[in-house]
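Chains as they are written, first to last, in this note's numbering: chain Y, 1 to 235; chain Z, 1001 to 1326; chain A, 2001 to 2546.
Some clues are possibly wrong.
[Stated by the list, open to error] Taking lysine-lysine and the DSBU-like style, the derived pairs with C-alpha atoms no more than 35 Å apart in a straight line are:
id : chain 1 : residue 1 : chain 2 : residue 2
1  : Z       : K1274     : Y       : K131
2  : Y       : K70       : Z       : K1274
3  : Z       : K1106     : A       : K2156
4  : Y       : K102      : Y       : K124
5  : Y       : K129      : A       : K2156
6  : Y       : K131      : Z       : K1280
7  : Z       : K1111     : A       : K2344
8  : A       : K2344     : Y       : K124
9  : A       : K2460     : Z       : K1106
10 : Y       : K129      : Z       : K1274
11 : A       : K2156     : Z       : K1111
12 : Z       : K1170     : A       : K2460
13 : Z       : K1170     : Y       : K70
Note that these hints are calculated values from the structure, not bench results.
Since we're looking at a predicted model, the values are computed, not measured.
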Amino acid sequence: MPSSEAAVANQTHDNPALLHHFASAEQQKNAASFGMWLFLATEIMFFGGMFCAYLIYRYWYFGDFGAASKTLDIRLGTINTAVLICSSFTVAMAVRSAQTGKRKAIAVFLLLTIVLGLVFLGIKGVEYKAKFEEHHVPGQADFHLAGSVPLHPDLPVNQAHAQMYFSLYFAMTGMHALHMVIGVGLFSFLTYEAWNGRYSPSYYTPIENGGLYWHFVDIIWIYLFPLFYLIERHR
Amino acid sequence: MLENMPFWPARASAAAGNVDALYIFLVVVSALMVTLIFTMVIVFAIRFRRRAGRCAEQVEGSAALEITWSVIPFCVFMVFFVWGASVYFREHTPPRDAAEVYTVAKQWMWKFEHQEGQRELNELHVPVGRDMKMIMISQDVIHSFYVPAFRIKQDVLPGRYTTIWFRATKAGTYHLFCAEYCGTLHSGMIGWVVVMEPRDYQAWLSGGGNQPLAVTGQKLFSELGCSTCHRFDTQGRGPNLTGVYGKPVLLEDGRTVMADENYIRESILSPNAKIVNGFKPIMPTFQGLVSDEQLSALVAYVKSLGQSQSEQTGARGMATATPQTK
Amino acid sequence: MATAAVGELGERENYLNREYGIKSWLLTVDHKRIALLYLAGITFFFFIGGFFALLIRLELMTPAGDLVQADTYNKLFTMHGQVMIFFFLIPAVPAVLGNFLIPMMIGAKDLAFPHINLLSWYLYILGGTLMLYTILAGGVDTGWTFYTPLSTEFLKTQVITAALAVFVAGFSSILTGLNFIVTIHRMRCPGMTWDRLPLFVWAHYATSLIQVLGTPVLAIAIVLVALERLLHLGVFNPAMGGDPLLFQHLFWFYSHPAVYIMILPGMGIISEIVCCFSRKRIFGYTAMALAVLGIAVVGFLVWAHHMFVAGISIYAALVFSILSYFVAVPSAIKVFNWTATLYKGSITYQTPMLYAFGFIGLFTIGGLTGLFLACLGIDVHVTDTYFVVAHFHYIMVGGMVMAYLGGMHFWWPKISGRMYPEGWGRLAALIVFLGFNLTFFPQFILGYMGMPRRYWDYSKAPEFQILNVLSTAGATILAVGYLLPMTYFLWSMRYGEPAPDNPWNAAGLEWMTSSPPPTYNFDEEPVVTWEAYNYDEIKEEVPVAQ
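Isolated chain Y, as found in the complex:
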């Protein structure tokens, strides 16, 4: 056991964050992070259903998905990817600050994360708006995707199959964005608590777990980005 954790265990009785039903702060911390990992497992299964649908339809409607993918704005997508990777860094710094007990630094890094999250959501909003203007929204009567299937200049895009791409695009990035919104809400709460000095090197589980959640949402995006933006960029 690392010495810092042993120190944590010794502080058991003067730790106000220790709940009555745990024997030690260490047990409490272990339980909380184990619970968080399990929760992330359920999240993987949740997104897994949609990834499964994506794989099937991408295989069936290969060319149409390629054509539809090219209409996404790769610059915005790349910027958003960079924004999220940066936010993962600031989250990691917030956790580090909590470990070393720097109250203000925690709050600052959490705030930075929130700002980056909002930037991501803003850019996503711009992209969605463009899709509405281009009539690339599935289920709408005026849906239309011009152009032809990659490598087949004389083969027009199948509108139903292109719609399927956008259905999955909106469902998956929308579900991801919803998780981002929840993350921003969560981090606002954590910032408030951090500012009020609720966290210390002996108790910072909420920040650590919040961080895990944020990293998870980032990782989902790391998969969404190539699946939606990059599949047709190599030619």
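With chain Y's structure known, arrange chains Z and A on it following the hints.
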């Protein structure tokens, strides 16, 4: 023997006997297992009931026993599996020369069209002793074609064909049910399967003066202009369809697909989904321009082109007037 | 009402009399109080679902559709299924008995996350409220299976609120499972090693794995159904290039393992009861623990056996058929081991034991008929008929509900601090057993005869009537069997004899604390030095009732 047993369904197909035999085997084995377990529970419960001066004797477990009662059931289960799978395989492998009935299901009725051209609603006439293959599609939700007397059931899906086959063995009138919940009047989506002696069936077929389905399809084929590109030589802008059915087709992207009913249907509705090697994607879609019934006729026609190529096997005493290539 | 009754004892402080008032219940984080909150909820929904079932049976008494209209009938069986599965069967044992007992059985003061435990009850109630709203706002008629494209494109009923209700209830189920897994891993008291866990805890561990890993897949499938209705995404709509079978795969990926969510906790209960009333250690502890885990894991690999006639490839059907037989082996082991546990025991026939006998019998029949359905050749004929209905009711009602009632009787003294009336208990167990068999056994025969399920009117097939009448007759008997325990449990809370701490002289930590237990379960943290089911060390017999 089973024919007159109360609470036993009529048995009117070749497959029904197989299913019944398998079912009775499972019932007997299960009854033995149930008897064994019930007897043990009852005997133990009485024999080892509490009595003064006697304590429970601890038995911790026995690896040998546990392996026994894992391995023996497992072997029995494998017998179930193999037998069941062989019955299922036979039910799902239609003989090549089966007569075909194109079926369109919709809320809440069954429409049948025989390859000879007869159309029926909620009633299906079939002869004794002939293999019949149902090629089925739904216009709305999922339905299921179920004839208990034949022991067959197959879901009918919107958007693609599913198939099932049977050979009726006994004349009579049998239930036809929709077995997949399909909305308000699900229980009204029923009908009758009328199994007739071959002679009566021929008489029934000849009434009404219908033309064979493939002939209807042939007319449509030229009316819709298909024949301008799909010519019967190598000069057409589309592939020559002669003999295409039932054969693998090489696609432009290097894949190979089997030219079955679903492939022909897809090629009419979304022609660009699978482009034949060496051809350009120039065919327009017929989505919304042809009904499911017309599609059946077109599919039947394209299939008949395949049969006319292998003339020796083409006859088989069917009443089909197979159109020849022009 | 429970608090008032126990308060009169006025002796020890326990979880019931520690605090009074509505707030002390609605804001409690005590797992035992939350278990009772769940008990109220699931009992309510059980009787709602049961009421629908009774109407279904009455309609089917005559071949013609004469009691209700077709669409009403479709709503009845849909809501019967949704209410019973999502609001009764899935939470019943885990959220009531599991919640109450798991911390006590492993020597913990509470679950790992008491607040999340309360949250999952509120989510359950929110889901239940949405379900009630769905019912009152006109109902839903998708069938509990929500098959597309019927549910997404064709029906005009309250599909979205029903989907939302199931989604929210699913969230509650995930949180309960998560809480249990963490608790079992992290909260065991000193000496409570993995190989000393009661099988009830093992069963809940396996159940929780399914809840945590399976439920989210149902959640996304249901969300996509709702989105299809709202925004016409087309993912499951063949008219837009979608695949309706994809929905069935996603749905059954959860809903088949969900069957094990419903039966595994019941198996845990039966292991406790059989050991106690035969004064024996369980036969083959390791095999029993591995069997529940095996069922949970292999149970994830068999879902498409619901789709043998749905239009999947015959080779896929072969794989799923053989895997379904694999999952039957551990179930067989369990039945044989319970039977072997009886051998050379010292058996008494108290109410919980009667339910356990009933469970073993009915589960055996339910399990064996499952083998018929796993058998491809037979499944083609009997799937989507009353054979399937009878089969899963033998597992769900004959198995799970019998186990649940057995468990409620077994632990009622611990929960309420009062004894239930033993004579009435035995009578009710007998009525339930007889009523159940009369209700559901005829349905096997109906199914093989070919009566499709979800039929409102069978007037073209009047040969089905005799068996349907028998089934309806059985259902009324069954209803009486269920009302009886409900009545005498309520009665016993005020008038029952005060229960001793260990009325059965049973093994297990939960019997070593007082009845009802104090708020933190034990006055001192227990230290375990014995194996599970140490009936070799307990020399006292079960006290004879009356």
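Hint by hint, here is what the structure shows:
1. With a CA separation close to 29 Å, the supplied pair K1274(Z) and K131(Y) stays within the 35 Å bound.
2. Restraint check: the Cα-Cα separation between K70(Y) and K1274(Z) comes to about 22 Å, which is no more than 35 Å; the hinted pair holds.
3. As the CA atoms of K1106(Z) and K2156(A) are separated by approximately 18 Å, the hinted pair is consistent with the 35 Å bound.
4. Note on K102(Y) and K124(Y): the hinted pairing holds, with a Cα-Cα distance of about 33 Å set against a maximum of 35 Å.
5. The hinted pair formed by K129(Y) and K2156(A) meets the criterion: a straight-line CA distance of about 31 Å does not exceed 35 Å.
6. A hinted pair counts as satisfied when its Cα atoms are at most 35 Å apart, and K131(Y) with K1280(Z) qualifies at roughly 31 Å.
7. Simply put, K1111(Z) and K2344(A) have alpha-carbon atoms about 65 Å apart, too far for the 35 Å limit, and the pair is violated.
8. Under the criterion of a C-alpha separation no larger than 35 Å, the hint pairing K2344(A) with K124(Y) is inconsistent with the structure, at around 70 Å.
9. At most 35 Å may separate the alpha-carbon atoms for a hinted pair to count; K2460(A) and K1106(Z) meet this at roughly 20 Å.
10. The straight-line distance between the Cα atoms of K129(Y) and K1274(Z) is roughly 34 Å, inside the 35 Å bound, and the hint therefore holds.
11. With a CA separation close to 25 Å, the supplied pair K2156(A) and K1111(Z) stays within the 35 Å bound.
12. Proposed proximity of K1170(Z) and K2460(A) is supported: the alpha carbons are some 21 Å apart, at most 35 Å.
13. Of the supplied pair hints, the one linking K1170(Z) and K70(Y) is violated, its CA atoms being roughly 61 Å apart against a limit of 35 Å.
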